[in-house]
Amino acid sequence: KAGVTQTPRYLIKTRGQQVTLSCSPISGHRSVSWYQQTPGQGLQFLFEYFSETQRNKGNFPGRFSGRQFSNSRSEMNVSTLELGDSALYLCASSPAPPETPDGYTFGSGTRLTVV
Amino acid sequence: DQQVKQNSPSLSVQEGRISILNCDYTNSMFDYFLWYKKYPAEGPTFLISISSIKDKNEDGRFTVFLNKSAKHLSLHIVPSQPGDSAVYFCAATALYGNKLVFGAGTILRVKS
Chain A
1 KAGVTQTPRY LIKTRGQQVT LSCSPISGHR SVSWYQQTPG QGLQFLFEYF
51 SETQRNKGNF PGRFSGRQFS NSRSEMNVST LELGDSALYL CASSPAPPET
101 PDGYTFGSGT RLTVV
Chain B
1 DQQVKQNSPS LSVQEGRISI LNCDYTNSMF DYFLWYKKYP AEGPTFLISI
51 SSIKDKNEDG RFTVFLNKSA KHLSLHIVPS QPGDSAVYFC AATALYGNKL
101 VFGAGTILRV KS
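So the sequences go chain by chain: A and B.
1 is the number of the first residue of the first sequence in our numbering; add one for each residue after it.
1 is the number of the first residue of the second sequence in our numbering; add one for each residue after it.
Check the hints yourself; a few may be wrong.
Said to hold, decoys possible - As a list, the in silico BS3-like pairs of lysine-lysine whose alpha-carbon atoms are at most 30 Å apart: (1) Lys56/B to Lys99/B; (2) Lys71/B to Lys5/B; (3) Lys56/B to Lys111/B; (4) Lys99/B to Lys13/A; (5) Lys99/B to Lys57/A; (6) Lys37/B to Lys111/B; (7) Lys68/B to Lys37/B; (8) Lys13/A to Lys54/B; (9) Lys54/B to Lys5/B; (10) Lys57/A to Lys111/B; (11) Lys71/B to Lys13/A; (12) Lys99/B to Lys37/B; (13) Lys13/A to Lys68/B.
What the hints assert, rightly or not - For the chain A half of the interface with chain B, some residues (derived, Cβ under 8 Å), not all of them: (14) Ser33; (15) Phe69; (16) Gly107.
Bear in mind the hints are in silico, worked out from the structure with no lab data behind them.
Don't be surprised by glycine CBs; every beta carbon is placed ideally from N, CA and C.
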């Protein structure tokens, strides 16, 4: 079956612009989480959506937002981009609020570069 | 405040020998721990996990050990293979929570 699909794979934006990233979960998965990966920082949790509702949010400024659609696809938006937003953005899907976290499957990510 | 720490940025091991990757955590609420493996240009893939009610879990060449009193876990890979060369992330969560807290990762290089 198809895995988690993230588009685009690579993106270059200018400071001050906004960007929208997309994540299509595995078919049947209803929970989508977003993580930011930067060198030396590991993966930082951004937010998690289930049934179109944000269930949890990490410690990121309000410039970072997301949403989930009725087909479980999710988007995240970053407004007023800063150089420090350059990172790999990863999406993970799971069947439901997972019985165990082993159920998370990650996409290959979107590499965002802010210049 | 890093709640999950992987203090070794990199590790180099000879093929066939044991690789030991370490992870420390500070949050006593964590009760479920996972290891992920990540190749460049790919997302992390789940390797193995352990619940806080256990102190060891094995899956083939991979074994995770948990020392709750020391708030420490380790991943043992025996024998190490060149294909194991990747970045390994330790992660922690509350079992019925909905977010993973990751360490910064350890780069493992297995030399043939």
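Verification of the hints:
In summary, the hint linking Lys56/B to Lys99/B is supported, as the alpha carbons are separated by about 23 Å, within the 30 Å threshold. Only pairs whose Cα atoms come within 30 Å are accepted, and Lys71/B paired with Lys5/B is accepted, the gap being roughly 11 Å. Using a Cα cut-off of 30 Å, the hinted pair Lys56/B and Lys111/B holds, with the two alpha carbons roughly 27 Å apart. Our distance criterion of 30 Å between C-alpha atoms is met by Lys99/B and Lys13/A, whose separation comes to about 28 Å.
Annotation: proposed proximity of Lys99/B to Lys57/A holds, straight-line Cα distance about 9 Å (limit 30 Å). About 17 Å separates the Cα atoms of Lys37/B and Lys111/B, which keeps this hinted pair within 30 Å; it holds. Among the hinted pairs, Lys68/B with Lys37/B is consistent with the structure: their alpha-carbon atoms are about 23 Å apart, no more than 30 Å. The straight-line distance between the Cα atoms of Lys13/A and Lys54/B is roughly 47 Å, outside the 30 Å bound, and the hint therefore fails.
Of the supplied pair hints, the one linking Lys54/B and Lys5/B holds, its CA atoms being roughly 21 Å apart against a limit of 30 Å. Under the criterion of a C-alpha separation no larger than 30 Å, the hint pairing Lys57/A with Lys111/B is inconsistent with the structure, at around 41 Å. Note on Lys71/B and Lys13/A: the hinted pairing is violated, with a Cα-Cα distance of about 41 Å set against a maximum of 30 Å. Pair hint Lys99/B plus Lys37/B holds up; C-alpha atoms about 18 Å apart against a cutoff of 30 Å.
The hinted pair formed by Lys13/A and Lys68/B fails the criterion: a straight-line CA distance of about 44 Å is larger than 30 Å. A hinted interface residue such as Ser33/A counts as satisfied when its beta carbon comes closer than 8 Å to some beta carbon of chain B; here the least separation is about 7 Å, so the hint holds. The restraint placing Phe69/A at the interface with chain B is violated, with a minimum CB-CB distance near 19 Å, outside the 8 Å limit. Using the Cβ-Cβ criterion of 8 Å, the hint placing Gly107/A at the interface with chain B is satisfied: the shortest such distance is roughly 5 Å.
Taken one by one, the earlier hints fail for this structure at numbers 8, 10, 11, 13, 15, listed in ascending order.
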